[in-house]
Amino acid sequence: MSLTITPTAALATVWNAVLPPEISAMTTLTNGDDLHLSLYRKMFQIRRFEEEAARAYAQSKIGGFLHLYIGQEPIAVGASAALRPDDYVMTTYRDHGLALARGMTPRAAMAELYGKVTGCSKGLGGSMHFFDKEHNMLGGYGIVGGHIPIAVGTAFASKYRGEDRVSMVFFGEGAVSIGDFHEGMSLAALWKLPIVFVCENNEYAMGTPLSRTLSVEDVSLKALAYGMERDRFNSEHVLQVRDRLGEAIARARTHSEPTLVEIRTYRFRGHSMSDPGKYRTKEELEERKKKDVLLRSRIELEEKGHKAALEAIDKEVEDEIADAVRFAEESPEPGPEVLEPTTYAGPFAR
Amino acid sequence: MTVLRYREAVRAAMIEEMERDERVYLVGEEVGHYQGAYKVTEGMLDKFGSRRVIDAPITESGFTGISIGAAMVGLRPIVEYMTWNFSAVAFDQILNNAAKLRQMSGGQLTIPLVLRAPNGSARQVGSQHSHSMEHFYAHIPGLKVLAPAMPADAKGLLKSAIRDDNPVLFMESETLYGVKGEVPDDPDFIVPLGVASIVREGTDVSIIAWSRMVHVALEAAAELEKEGISAEIVDLRSLRPLDEETVVRSVTKTHRAVVAHEGWPYGGVGAEVADRIQRLAFDELDAPVLRATTLDVPMPYNARLEQYVIPQAARIIENVHRVLYKS
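Just so you know, the sequences run in chain order U and G.
Per the numbering used here, the first sequence starts with residue 1, numbered consecutively.
Per the numbering used here, the second sequence starts with residue 1001, numbered consecutively.
Just so you know, the hints here were simulated from the structure itself, not pulled from any lab data.
Using N, Cα and C, we set each Cβ at its ideal position, and we do this for glycine too.
Incorrect hints may appear among the rest.
[Claimed, not checked] From the structure, some residues in chain G lie toward chain U, with a derived Cβ separation under 7 Å: (1) 1065; (2) 1069; (3) 1092; (4) 1165; (5) 1200.
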């Protein structure tokens, strides 16, 4: 099956536009409800984690920047469901969702936001720099696009060693104008590396809409110049995200070929906590919230008779997040002794 | 011992380490089929094949980032830039990723990476191709910076760099590639990082230098000897870590110091060395520490002006006279 999108399809742009069947058709939604419930649980965990993080931020318990993923959860969760645990992932500074989706504990995540030594990065990284080597979550990065070649490098290493691991790198549509995106894409295609580039197009590069940052509105077109396969779809269901990314992952794993996938999504919060979001209307936001994919899963699972299971999930997740907050509050801060060993491996070079 | 040119010593280090460790590979522009822009990598493609000697397109930021990513998951890349000047377009990768990933990840990651290229002035290559980039990079915690002057040190230090678990920036020099010297054949020969070497003993003044300027300092010392001035030359070899003990020991003996380097005088490694001497050996000094550097302007193309801007033996001698109050 070819994943190449026709130019006609490329014109189907807005979130709720009627897309040709080959674009909008959701595949394999008939998967087991157990899987759907577990993915719902993960999305809900991320949502509740971030809501509590926002609350703690408002109370000045978390410093610096806090970029929330609320609204985009199905992408990290769907992707993680399609990947193997030994596959490498990397993302931007909007990284809580991917870290939790890959298996980081809410405790390690919340403690990192609180700057505590029990955090995933010992309190040295903060919200923008979650790392979890054990789960091959190789980071949240603060320079837009700068992580894209790094992710390509992990794919290079897999190919060099003859492994069948896949790398997946996430970035926003705001990253596709910067050089590192193009250098990473160009080299991945030239060297046929097993990587999936996932553009989470949430329509706003901070406060600037896509129409004012890109000369084409179809981000997946960027693949053409590199002779790279591409895909493009709206984030409408967590299982659909899993299946569509699964095709690109299979191409990388089986044929060692990269793919650019553009997923249209929407963030319900501002760019960061300090962003009131005045560049979009209240009506637009309310309209988008009605299409919350998390809510869609919940309604669907309720309709299928899983109300009791959902209520159990609610309780478990609430307990988990409350426990994470308590853990973060009670954890010690890192002392100066952590600084030098984390700067150099071995003796400090001064 | 074998007499090798500097470029052959660099090549020997890479070949030995690639033979020793399958995880080590080489990537850069023209390193393979072209045999290296300065022939440092000549013959390596034939020896190791295109899997391990990789020609990259002109994408310094891209292949630097890729090498950081590969290092993060266990490979040990050697990146060759055609010159250090071109690393400027990869500066973000070096500053924000190579140097910081270990710390940002709370120590979870190590980045065993070597970045190497010729550095400093060449001959009339103009302002964009004559930078001394060690001053920018030595400023950054998380990086190590080496700048050997002699073929044996080039081999021994590069081997140490390849075996190091941190990003190591290795500064060569286009004007040093033809310099010959005795180099140990023993594949276990290495030079440890952070150890300076006394390349000339003296009693009246310490000249502290690295890379090409060690040779210029030797020239200056020969001239000074004719005047009856005995200059000791400290070849730092390693700029970060910096062997301040050897510097202090030398200054304690001579009581006078001139730092000689390419690159601008504002800040930089020379200023760092001067600061350490005044902090650690203040009571030993009989004169302020002076610096003989590139003049504070972009490099001109004109041959006479270029020679005027680059520090020559005469500028070192002039500064030695000043610290001896002989001018």
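For each hint, the structure was consulted:
1. For residue 1065 of chain G, the interface hint holds, the least distance from its beta-carbon to any beta-carbon of chain U being 3 Å, beneath 7 Å.
2. The beta carbon of residue 1069 of chain G is positioned within 7 Å of a beta carbon in chain U (closest approach about 2 Å), and the interface hint is therefore held.
3. Against a cut-off of 7 Å between C-beta atoms, the interface hint on residue 1092 of chain G holds, since the closest Cβ of chain U lies about 6 Å away.
4. Nearest Cβ of chain U to the Cβ of residue 1165 of chain G: about 4 Å, under the 7 Å cut. The hint holds.
5. Because the smallest distance between the Cβ of residue 1200 of chain G and any Cβ of chain U comes to about 26 Å, over 7 Å, the interface hint for this residue is violated.
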